[in-house]
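Starting from the structure of chain F, add chain H where the hints point.
Chains as they are written, first to last, in the numbering used here: chain F, 1 to 227; chain H, 228 to 454.
Keep in mind that the hints were calculated from the coordinates and are not lab data.
Keep in mind that this is a model prediction, so the values were computed, not measured.
Careful, some of the hints might be misleading.
A few chain H residues that face chain F, going by a derived Cβ cut-off under 7 Å, partial list only [as the list claims (entries may be wrong)]: (1) Leu-270; (2) Ala-333; (3) Leu-338; (4) Thr-406.
In silico contact screen, one side only, chain H against chain F (beta carbon under 10 Å); selected entries [as the list claims (entries may be wrong)]: (5) Thr-294; (6) Gly-296; (7) Val-382.
Ideal Cβ placement from N, Cα and C applies to all residues, glycine included.
There are 2 protein chains.
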Amino acid sequence: MNKAIVLSSGGLDSTTAMAMAADQGFEIFSLSFDYGQRHRYELVAARRVADALKAKKHLVVTLDLRTIGGSALTDDIDVPKGRSQEEMRHDIPVTYVPARNTVLLALLLGLAEVLGATDLFIGATAVDYSGYPDCRPGFLRAFEQLAAVATRAGVEGARFRVHAPLLELGKADIIRRGTELGIDLGLTHSCYDPDPTGLACGRCDSCILRRRGFEAAGIPDPTRYVA
Amino acid sequence: MNKAIVLSSGGLDSTTAMAMAADQGFEIFSLSFDYGQRHRYELVAARRVADALKAKKHLVVTLDLRTIGGSALTDDIDVPKGRSQEEMRHDIPVTYVPARNTVLLALLLGLAEVLGATDLFIGATAVDYSGYPDCRPGFLRAFEQLAAVATRAGVEGARFRVHAPLLELGKADIIRRGTELGIDLGLTHSCYDPDPTGLACGRCDSCILRRRGFEAAGIPDPTRYVA
Chain F
1 MNKAIVLSSG GLDSTTAMAM AADQGFEIFS LSFDYGQRHR YELVAARRVA
51 DALKAKKHLV VTLDLRTIGG SALTDDIDVP KGRSQEEMRH DIPVTYVPAR
101 NTVLLALLLG LAEVLGATDL FIGATAVDYS GYPDCRPGFL RAFEQLAAVA
151 TRAGVEGARF RVHAPLLELG KADIIRRGTE LGIDLGLTHS CYDPDPTGLA
201 CGRCDSCILR RRGFEAAGIP DPTRYVA
Chain H
228 MNKAIVLSSG GLDSTTAMAM AADQGFEIFS LSFDYGQRHR YELVAARRVA
278 DALKAKKHLV VTLDLRTIGG SALTDDIDVP KGRSQEEMRH DIPVTYVPAR
328 NTVLLALLLG LAEVLGATDL FIGATAVDYS GYPDCRPGFL RAFEQLAAVA
378 TRAGVEGARF RVHAPLLELG KADIIRRGTE LGIDLGLTHS CYDPDPTGLA
428 CGRCDSCILR RRGFEAAGIP DPTRYVA
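Next up, chain F with everything else stripped away, as it sits in the complex:
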């Protein structure tokens, strides 16, 4: 059984990507990050998802990105609420964490090397990517090229692959695909600004995309929202 290292945020996208990796026959190792995010509740969801998908191992790496700052997800900048889909599509929002996917993929790569794995899975999507540069195909290919020269395994001939199976899918497609694969999407968490009990705000970019996704997919949204 080949091993897949899956970046898990406990959200719809990474959970569906993980289910797809399992469906392709990979043994799942999921990795989440406690990086000082204000929506730390996602770590609870990531653990639930790893259990539900029978991950061989679920690891949480502590990485205090607050030292670096510069983003609404780690700083005291307000999370934007009620933006239109047009605004999300064209702006790089303040919720962008500088170089986040570069950092997280680098850590997935480290774990892959330790476990003798070469397959990394991330739930990046270029359709509803909310303007993040590090969710684009060119970024993923550049990372594979880096991995080949960055690691002992790469130098010895291993070929690392960054799988982003959702890259061409919109949120509704992702929700349909996850549902087809039998995941309970009620286990997942998307909100950037939940209340202390994990209840979703309903108005940040992430909640808006999630709500519209369920609507467009014609699947009842299991999420409980504050507003």
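Relative to chain F, chain H alone:
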């Protein structure tokens, strides 16, 4: 004044690289990592060095690489002692931390983006690199290519540069260069396995390279070694 983000381990190499950045007129922002290394004492040295070189800011990011493991610097594997220079040159040692420079450069990149900087400095050296793949020129160029597509600044046209001014220098050259630039190299720390007070073991790869470097440079070694 252009800003330089300098990866600092408090050792000879990163300290000399930092002094070279300062000498080139950059304003210094130094970044160190508390990554569960057994030689955490290097963080004390990194702070001393940042003060001595009048860094504008010195940050320490917590990143618990022990969760990922797989290296003698973070795990319970023994640090190898008394190896020949030949062995160091040809093997990738167990002190290799999987994908470490990829992870650390990614975090430097994040800080650069927050500060509006595009110049990253690391003390990588391909001569006495002790077999680490992520200290090689091909790796550094691949990282620059990644940075261009990984960041908001890159997408908007910024060109990131990874400076590795020691790449062609051996340890003796680095010690000479650092001394010429007026740094007190007694402030630096190299040992992978110091005693609790920070005293160097004298026998790990890093101590051996340091001792021979001072000898070869014909400069008195200010370091106090246990053995």
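Quick rundown of the hints versus the structure:
no. : hint    : in the structure
1   : Leu-270 : violated, 13 Å
2   : Ala-333 : holds, 4 Å
3   : Leu-338 : holds, 5 Å
4   : Thr-406 : violated, 32 Å
5   : Thr-294 : holds, 5 Å
6   : Gly-296 : holds, 6 Å
7   : Val-382 : holds, 5 Å
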